[in-house]
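Asker: Given next are the chains, with one letter for each unit.
There are 2 protein chains.
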Amino acid sequence: MAPKSLPELPPIAGVRLATAQAGIKYRDRTDLLLAEFAPGTTVAGVFTRSKAPSAPVDWCRAALPSGRARALLVNSGNANAFTGRRGVEAVGASVKAVTVALSCSPAEVWLASTGVIGEPLDARKIEAALPALAKALGADGWEPAARAIMTTDTFPKAATRSVALGGKKVTINGIAKGSGMIAPDMATMLAFVFTDAKIAAPLLQQLLQQSNAKSFNAITVDGDTSTSDTALLFATGQGAEVTQKDAGAFAAALDGLMIELARLVAKDGEGAQKFITIEVSGAESDEAARRIGLSIANSPLVKTAIAGEDANWGRIVMAVGKSGEKVERDTLRVLIGGVLIAENGERVEGYDEAPVAAHMRTRDIAIAVDIGLGKGRATVWTCDLTHGYIDINADYRS
Amino acid sequence: MAPKSLPELPPIAGVRLATAQAGIKYRDRTDLLLAEFAPGTTVAGVFTRSKAPSAPVDWCRAALPSGRARALLVNSGNANAFTGRRGVEAVGASVKAVTVALSCSPAEVWLASTGVIGEPLDARKIEAALPALAKALGADGWEPAARAIMTTDTFPKAATRSVALGGKKVTINGIAKGSGMIAPDMATMLAFVFTDAKIAAPLLQQLLQQSNAKSFNAITVDGDTSTSDTALLFATGQGAEVTQKDAGAFAAALDGLMIELARLVAKDGEGAQKFITIEVSGAESDEAARRIGLSIANSPLVKTAIAGEDANWGRIVMAVGKSGEKVERDTLRVLIGGVLIAENGERVEGYDEAPVAAHMRTRDIAIAVDIGLGKGRATVWTCDLTHGYIDINADYRS
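Those protein sequences? They're chains G and H, same order as listed. With my numbering applied, the first sequence covers 984 to 1381. With my numbering applied, the second sequence covers 984 to 1381.
Careful: at least some of the hints might be erroneous.
Chain copies aren't distinguished; within one or between two, either way the pair holds.
With a straight-line cut-off of 30 angstroms between C-alpha atoms, the simulated DSS-like cross-links for lysine-lysine are [to be verified]: (1) K1358 - K1034; (2) K987 - K1309; (3) K1309 - K1197; (4) K1197 - K1034; (5) K1034 - K1309; (6) K1079 - K1197; (7) K1152 - K987; (8) K1034 - K987.
The set of hints was computed from the structure by calculation and includes no laboratory data.
With the sequences and hints as input, model every part of the structure.
Answerer: So this is what it looks like as structure tokens:
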């Protein structure tokens, strides 16, 4: 389900990129990304809710109140998670190497790691790679950047938007990785978004959280939450300013970009053969709708039915029923591919499965559920559960 | 992982059983079980927490306050769930047929249905079968009873215990079905337990709830909660009396019997090749320990790693971290097959994977997690996630 081509990402004033093969785990693949930001760049971040977060997540959380960034360093192949004191030391050594190469302070260096959990990360490989990496920095190289952060991903993920703000154009670029919302052994979902707009850190944080709720928090592959999920948004301040009262156009573009990246992650779900969009309406609140959507999206029985092209709507009813949210059996409506299947607590009179069965044979499956109780709505994206998922995850580490 | 043979279940004074082929869905298989109870029989029940429960679950919940039972009627092949008004009518017709055949009142008739969701249940087949079924009632027939309630189960599940109460022997028999804690399309886990002890309904309910928390609420196959989960405990009152102050021995025997049945259900999990026992200790409370255990047991990434015989302890850390319960990364200890792998926030010094890899190749996998924060403990049982699960559930209905 890879897109035909990667979009062309323009340069962003104040962002320079470079990648390298540091040999952290993979052979003959880039596994290190360095981004350098202009002085004055602000940053916002959202992180995994796991109680066992990785060392780089701890580092970024501690740095967040400063809201300032001069560099981002990302490695793939090793998550530096559950690595104890040695993990903290690896973070320290990596940060130090960046500050030396780019002449910045430690609190302005942002880190993310993705890969195996529990294996010590050898920071000497990162230290050794950094001088050449710093020399190679340039304004282009978005596709190599998207590739360097991949783990089990089958295609690189990138998106771009531009917004006119009072006659000036502002650009937003984003890259992401993740194959399985969460494939914790190849730890997880990472997303990095960059803009030349000038945005104060508190507003930037608010914009990121709002867009994240509609995008990365609305996708799932297997319901497993990684130790390392990280989304960072950098604003270099080289272009037009976005303020609280005119943030609408920028927020809309950011929503669009982050939803595009999130959908790409769900499409690259491990073993995925079908992309599933679940629209929930009529719930008590938007948050309740999102939870009901995720209950459907995470149900192994719904996901295997879709893999088998079986219009098994009874399993959707089951998943709604187990969501823990307020639901009334007799006000629930279930549609697949736009066809109403069930309402008033039973299958509709004269239900014809033929058009639904035809829809199930397509690649893009649309499920809609109306709870019939309130005005809450949400859209959730996921993929099916196939033999490919078992193959990848039963064999991966060994 | 079927047991070598079904245990021999003795008669229970006050219980008579019969089975029939009503042709509800299956051909050449029994699909109807009738149990008749002596006057004075008390009953306790626990049911699915689904917000979309089946019509028989609604019926039993409404009957529960009476605490009285004269009959139990169970059909397999159709869950009578999400069947609306017609489902309620099918319940009414089935109950009426039982009251006519056994001369009892409707409030004393207990029902359970398991099978496809959303297909109307044709009660005429049940009405037609009942007169012959009532005539065939006898004190034996526990194995046929265990078989008549099966759906995708690969073996019948039964257990028996006896307890000496003040010089008198009391017997407890139980049968269960479920292949997958929850395989909602073949809807679910059903368990029926019978004893000749005399136990007042409120105490019986308390005993059932206590044992259920340690048994059926501590197993999972896929985390999907069915529309129809039902466990009923009948006490015919023909033997010794159990009172609140001497309930300990009976409760211990009931625990043992229900845990045995629950473990059989997990062993028969769809596609299961390995049986997994997860011991959680050191949590803030027993309930927190159970939730952490279920988070591990329901993680597709833990389950596929075990299917692949991969000692992938990082995924266990991930599943503990996402449980939502209080956890400290640095006090957590993880053991597989009794071997300590991780503590103090990292892998133990000099960890040798060889004995753990050998344990992973066995059929009975033991995972232990100590949270290091309190005294809460729980044991949870599950099975691995294999290609067999995908085969069964991607193909089942079509």
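Asker: Take the hints in turn and mark each one as holding or not.
Answerer: Do the hints match the structure? See the list:
no.	hint	in the structure
1	K1358 - K1034	between (33 angstroms within a copy, 19 angstroms between copies)
2	K987 - K1309	neither (41 angstroms within a copy, 45 angstroms between copies)
3	K1309 - K1197	both (21 angstroms within a copy, 27 angstroms between copies)
4	K1197 - K1034	both (23 angstroms within a copy, 26 angstroms between copies)
5	K1034 - K1309	both (28 angstroms within a copy, 8 angstroms between copies)
6	K1079 - K1197	neither (36 angstroms within a copy, 52 angstroms between copies)
7	K1152 - K987	within (27 angstroms within a copy, 74 angstroms between copies)
8	K1034 - K987	neither (38 angstroms within a copy, 43 angstroms between copies)
In terms of the numbered hints stated before, the structure departs from hints 2, 6 and 8, listed from lowest to highest.
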